[in-house]
Amino acid sequence: MWSNLPLFPAGASSMAGHVDALYFALVAITAFFTILISVLILFFAVRYRRKRNPTATQVPASTTLELLWTGIPLGIVLIIFVWSSVIFFIQTRPPKGAMEIYAVAKQWMWKFEHPEGQREINQLHVPVGRDIRMVMTSQDVIHDFYVPAFRIKADVLPGRYTSTWFRATVPGRYHLFCAEYCGTQHSGMVGEVIVMEQADYERWAASGVEGSLASSGEKSFQQYGCSMCHRSDAAGRGPNLVGAFGRPVLLDDGRTVTADESYIRESILNPGAKISSGFKNIMPTFQGQLSEEEVIGLVAYIKALGSGSANPPLPVSEPNSGAYPVAPKTEGSAAQSDTAVTPPEKANPAKSAPKQ
Amino acid sequence: MPDSETVSNNLKHHFANLEQQTATSKFGMWLFLATEVMFFGGMFVSYLVYRLSYYNAWVAGSQTMEITLGATNTAVLICSSLTMVMAVHFAKLGKRKLTAIFLIATLVLGMTFLGIKGVEYYKHWVHHEVPGPNFHFEHEGNFDPRHVSIFFTLYFAMTGMHALHMVIGVGLLSWLLILNALERFSAEYNSPVEIVGLYWHFVDVIWIYLFPLLYLISHRHTG
Amino acid sequence: METATAPVEPKTNYLNADYGIKSWLLTTDHKRIALLYLISITVFFFVGGFFAMLIRLELLTPAGDLVLADTYNKLFTMHGIVMIFLFLIPSVPAVLGNFLVPMMVGAKDLAFPKLNLASWYIFITGASLIFYAILTGGVDTGWTFYTPFATTFSNTNVVTAAIGVFIVGFSSIFTGLNIIVTVHRMRAPGMTWRRLPLFIWSNYAASVIMVLGTPVLAITLVLVALERLFHLGIFDARLGGDPLLFQHLFWFYSHPAVYIMILPGMGVVSEVIPCFSRKRIFGYNFVAISSIAIAVLGFLVWAHHMFVAGISTYAALIFSILSFFVAIPSAVKVFNWTATLYKGSITLETPMLYAFAFIGLFTMGGLTGLFLASVGIDLHVTDTYFIVAHFHYIMVGGMTTAYLGGLHFWWPKITGKMYPESFSKLSAVLVFVGFNLTFFPQFLLGYLGMPRRYHAYPPEFQVLNVLSTAGASILAVGFLMPMIYFAWSLQYGKDAGPNPFRAAGLEWMTSSPPPTFNFDETPVVTWEAYNYDQIDAPNEGVKVAG
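Taken in order, these protein sequences are the chains called Y, L and Z. Take 3 as the starting number for the first sequence in our numbering and just add one per residue. Take 4 as the starting number for the second sequence in our numbering and just add one per residue. Take 46 as the starting number for the third sequence in our numbering and just add one per residue.
These aren't lab readings, by the way, just hints derived from the structure by calculation. We treat Cβ as the ideally placed atom computed from N, Cα and C, and that holds for glycine. Mixed in with the good hints there might be a few duds.
Derived pair list, reagent style PhoX-like, types lysine-lysine, alpha-carbon separation capped at 20 Å [to be verified]:
1. LYS159(Z) to LYS67(Z)
2. LYS29(L) to LYS159(Z)
3. LYS98(L) to LYS120(L)
4. LYS388(Z) to LYS53(Y)
5. LYS470(Z) to LYS53(Y)
6. LYS462(Z) to LYS56(Z)
7. LYS462(Z) to LYS539(Z)
8. LYS15(L) to LYS159(Z)
Some chain Z residues flagged as far from chain Y (calculated, every beta-carbon gap over 12 Å) [as the list claims (entries may be wrong)]:
9. LEU60
10. ALA62
11. GLY65
12. VAL92
13. ILE167
14. SER173
15. LEU345
16. ILE356
17. PRO374
18. LEU406
19. THR413
20. VAL426
21. ASP581
Quick partial rundown of chain L residues pointing at chain Y, CB under 8 Å, derived from the structure [as the list claims (entries may be wrong)]:
22. PHE146
23. ASP147
24. SER194
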């Protein structure tokens with residue numbers, strides 16, 4: 003029977019250790035106080051039972067005691083707060099140069115798109131030992147990306163990107179759950195995260211791919227006529243997107259935003275919301291015309307056009323790149339905008355945004 | 004009916020005296036108004052959140068408002084607060100006729116407000132500004148018409164809830180008029196008038212916030 | 046069987062003052078209205094319990110084989126809506142609070158008796174709508190009504206249910222308003238704020254939340270219903286709205302609502318512990334103030350339900366630390382209750398057993414709250430069975446246990462009859478054991494990663510789920526027993542007399558059941574609350590009825 007009675011989940015990510023340590027500390031605190039209170043109650047109930055102690059002795063109030071049992075718990079919770087906040091900061095700050103995998107959730111399945119172009123449903127293959135940032139959106143209701151073995155969870159909302167990150171540490175297969183109630187088949191919106199050795203992952207990623215995510219984005223860029231206005235010279239009616247990703251954008255109402263995934267997404271679907279300074283609000287909305295996958299492709303493509311710092315592509319090695327193996331196929335790292343490994347075809351903006 | 008009789012007729016069994024009863028009723032109304040503040044608060048928060056995010060759409064929506072009608076209504080309500088104060092004043096003096104006159108004045112002003120509001124609603128409907136399938140907004144300027152729809156949703160929710168409170172207020176005023184005509188109030192016992200007065204002023208104050216928030220959004224950025 | 050002793054001259058009390066269905070349905074007597082509430086919420090409790098039973102049976106096996114997925118989703122939604130809005134929120138305030146608040150402060154009735162009756166009718170109207178929604182197909186949004194699922198995607202009776210909850214909300218606003226005004230304005234001569242029983246303090250604090258929090262839920266549900274009916278888009282991202290705004294507004298009420306569901310229970314415990322240990326409560330001021338502190342802090346922690354929903358890092362940290370702070374006043378209460386036992390003269394009557402169960406379960410529930418306030422751990426355990434276990438420790442282990450304890454404590458006052466002590470003790474033990482067996486495994490399930498609201502689950506979670514279902518069956522027996530012996534006691538119970546527990550407090554100084562206007566003459570209070578030393582002193586002339 004005990005083999006069927008798991009008490010503690012497998013830990014398979016860099017986060018698991020941090021979360022489990024605090025968990026055990028809190029279990030200890032909970033056990034200590036619960037036992038303390040229970041033992042005291044039982045002891046008093048026996049020691050001062052009416053048969054043995056027919057008359058109660060009134061005890062005067064004690065401010066010292068009150069302050070003591072206000073102060074001690076306060077101290078304890080402050081320590082826990084700091085500890086948990088440290089963990090939270092690790093969780094909210096994805097390391098630079100993380101590999102980005104896009105997820106689109108819908109009732110009731112998970113769709114994943116790897117930068118190399120692999121697409122999968124309800125299965126997520128990831129390499130061991132590599133930082134992976136999930137960029138996620140939902141096509142309908144709120145879902146939640148939850149991998150217990152990684153101790154991470156993040157809501158996936160419609161209309162915006164949310165993200166989380168992990169670094170798997172142990173190869174294997176792990177549960178992927180939708181943790182935000184999403185309708186009839188909520189409990190069927192489950193899948194598997196398959197953590198593979200680096201080499202296995204590369205083999206898997208290279209098999210049967212039609213083209214990278216960014217290149218499918220490039221196709222959409224042409225197909226929907228984006229390139230007519232967003233030209234690589236200054237003559238376009240829309241902003242030049244080469245090197246735009248990650249840079250601050252001055253808006254026509256004086257505010258400044260960063261051109262991150264969410265901003266690009268919003269500018270495609272709701273172009274009038276934040277107009278780049280010096281441009282007119284003439285772009286039609288693509289709301290309802292593009293699938294979430296196409297939007298993701300476009301975002302990946304615009305990212306690949308170079309982030310602010312990497313355009314034109316610099317041939318220097320990115321400082322982080324030694325920390326983890328980089329996929330040999332240059333195409334595969336198109337979405338790693340922070341690294342220098344920009345694929346050759348993306349390096350030529352003229353090709354991406356041809357003049358009319 | 005002599006004054007002492009209005010007191011004994013109206014003192015509820017569980018109060019020691021009329022002072023306690025009056026103080027209790029007033030306290031109850033204040034607390035109810037606190038509930039009301041939170042009730043409208045939910046909508047004010049939604050308004051604030053979206054106004055900060057969709058400022059241009061808010062300006063566009065606000066520009067469709069007829070400021071003349073809104074301002075007239077504001078004036079009407081302020082006058083009605085004044086007449087309400089007078090009604091309470093004369094009720095406390097035990098002057099039934101004057102109380103009735105000012106209650107009627109308040110009632111008429113309240114109905115005027117609702118009438119003008121109705122005209123505004125009708126115009127919004129004709130201009131396809133009521134959110135839902137009928138909604139249609141000319142798209143010019145840096146905003147998304149869907150956000151204008153949210154502006155109008157909140158506009159109708161807030162002014163609609165306010166109008167509902169006005170309707171209830173009109174009902175309460177009619178009830179006071181009946182009680183007044185039946186000579187139920189006296190210089191000693193008049194707390195219903197005072198309590199309805201509190202309610203009426205509260206509803207006015209809500210409008211004093213709604214008017215600038217919905218009608219007078221800055222036009223600065225639209226140039 | 047004992048022969049019922051017919052009193053020579055039956056005293057007129059609120060139960061026999063008037064007869065007929067009309068005398069009940071049109072009563073403005075707070076005690077009769079309390080009984081109307083008692084009957085209604087008992088029915089609702091067993092309806093909600095029936096849903097819970099089906100949920101637990103479905104979860105016996107990993108496959109979703111007992112009911113369809115849609116049915117399961119409706120079951121947990123309706124379990125939540127019925128238990129929270131129709132049982133827990135009105136439980137102590139509308140039943141025990143309604144009955145006891147005027148008596149404890151020495152008043153003849155609540156400040157607004159008609160409003161009180163109206164609140165029961167509003168409650169029944171809202172409840173009827175909710176039941177109409179249930180019977181005509183149910184609701185499957187979860188009790189949280191999250192958008193855009195509730196506004197756009199669900200094809201069940203969301204609008205009816207939301208309007209039902211909206212209406213029920215007003216009954217709780219009016220109950221809260223009545224309690225607050227009564228405490229402020231209706232106290233008997235000499236009943237100063239610092240002589241008030243702690244039950245009053247905690248119900249007062251809960252009432253503040255009802256009055257200030259419920260309207261926000263009300264307007265939010267109106268917006269949800271409007272959005273669903275007219276596709277307005279306030280909370281729907283596809284129409285330009287923000288689903289997170291819904292969550293903020295919803296939790297702004299629904300987190301404080303958790304304190305509506307625990308503070309009055311704390312008040313019950315604060316009455317029971319001193320009585321059965323014959324002690325003044327330890328640290329009266331701190332226990333009283335901590336109730337207010339919980340109510341105030343309770344309004345500032347709502348977004349801790351949204352740590353994974355995509356709120357900003359710094360917002361999360363602020364809500365995290367404020368959530369930790371709420372733990373402090375709760376801890377202060379637990380320590381003071383425990384300290385009250387010290388050097389007492391303790392007997393273990395049924396209410397005391399329930400109070401002990403409450404302290405133990407609430408301590409567990411409160412401490413596991415620390416896991417959820419820790420953002421780092423919350424990201425793992427939120428939306429899993431860990432949180433399900435946590436809030437059941439508070440709401441069932443805490444509030445329901447306290448409510449039952451309170452019913453056992455004041456049953457002799459309410460009905461004038463005693464219930465059989467051995468059965469009631471057994472039921473208290475069954476509730477405690479059954480509860481722990483039901484919900485402790487769920488903590489483990491949660492940390493293992495089993496998400497909540499799952500109709501089917503991976504097989505490795507089965508053993509713990511079976512344990513939980515087994516516990517639930519014991520719990521069900523524990524909950525059913527009191528219904529039987531309470532009903533029995535009405536006919537066959539021994540007469541209780543005015544004060545069978547020799548308890549302190551004005552409510553015990555009048556006959557049982559009390560007369561319609563509670564006291565034959567308005568009491569004048571000259572003593573502090575919990576003056577057990579004076580009551581027990583052999584020759585002191587402190588007035589104790591009986």
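Right, here's what the structure says about each hint:
Our distance criterion of 20 Å between C-alpha atoms is met by LYS159(Z) and LYS67(Z), whose separation comes to about 15 Å. At most 20 Å may separate the alpha-carbon atoms for a hinted pair to count; LYS29(L) and LYS159(Z) meet this at roughly 16 Å. With a C-alpha separation of about 33 Å, the suggested pairing of LYS98(L) with LYS120(L) is violated against the 20 Å cut-off. Between LYS388(Z) and LYS53(Y) the CA atoms are separated by roughly 13 Å; this keeps the pair inside 20 Å, and the hint holds.
Only pairs whose Cα atoms come within 20 Å are accepted, and LYS470(Z) paired with LYS53(Y) is accepted, the gap being roughly 19 Å. Taking the CA atoms of LYS462(Z) and LYS56(Z), the gap is near 14 Å; set against the 20 Å cutoff, the hint holds. A threshold of 20 Å between alpha carbons decides the hint, and for LYS462(Z) with LYS539(Z) the separation of about 5 Å falls inside it, so the pair holds. A hinted pair counts as satisfied when its Cα atoms are at most 20 Å apart, and LYS15(L) with LYS159(Z) qualifies at roughly 11 Å.
At roughly 33 Å from the closest C-beta of chain Y, the C-beta of LEU60(Z) stays outside 12 Å, upholding its exclusion from the interface. Listed as outside the interface, ALA62(Z) is consistent with that label: its C-beta sits roughly 38 Å from the nearest C-beta of chain Y, beyond the 12 Å cut-off. Against the 12 Å criterion, GLY65(Z) stays outside the reach of chain Y, whose nearest CB is about 45 Å from its own CB. Annotated as non-interface, VAL92(Z) keeps its C-beta farther than 12 Å from every C-beta of chain Y; the closest such distance is 22 Å.
Residue placement check: ILE167(Z) keeps its beta carbon more than 12 Å from all beta carbons of chain Y (closest about 29 Å). The Cβ of SER173(Z) lies farther than 12 Å from every Cβ of chain Y, with a closest approach of about 26 Å, so its non-interface assignment holds. Every CB of chain Y is more than 12 Å from the CB of LEU345(Z) (nearest about 15 Å), matching its label as outside the interface. With a least CB separation of 10 Å from chain Y, ILE356(Z) falls inside the 12 Å interface cut-off, contrary to its annotation.
Not every CB of chain Y lies more than 12 Å from the CB of PRO374(Z), the least distance being 8 Å, so the non-interface label is violated. A cut-off of 12 Å between C-beta atoms contradicts the statement that LEU406(Z) is not in contact with chain Y; the least separation is 10 Å. Some Cβ of chain Y comes within 12 Å of the Cβ of THR413(Z); the nearest lies about 6 Å off, and the non-interface call is violated. Chain Y draws VAL426(Z) into its interface by the beta-carbon criterion, the shortest separation being 8 Å against a cut-off of 12 Å.
Against chain Y, the non-interface label of ASP581(Z) is violated: not every CB pair exceeds 12 Å, the least being about 7 Å. Because the closest C-beta pair between PHE146(L) and chain Y is about 6 Å apart, less than 8 Å, the hint holds. Against a cut-off of 8 Å between C-beta atoms, the interface hint on ASP147(L) holds, since the closest Cβ of chain Y lies about 5 Å away. With its C-beta approaching chain Y no nearer than about 42 Å, SER194(L) sits outside the 8 Å limit, and its interface hint is violated.
Going through the hint list in order, the structure does not satisfy hints 3, 16, 17, 18, 19, 20, 21, 24.
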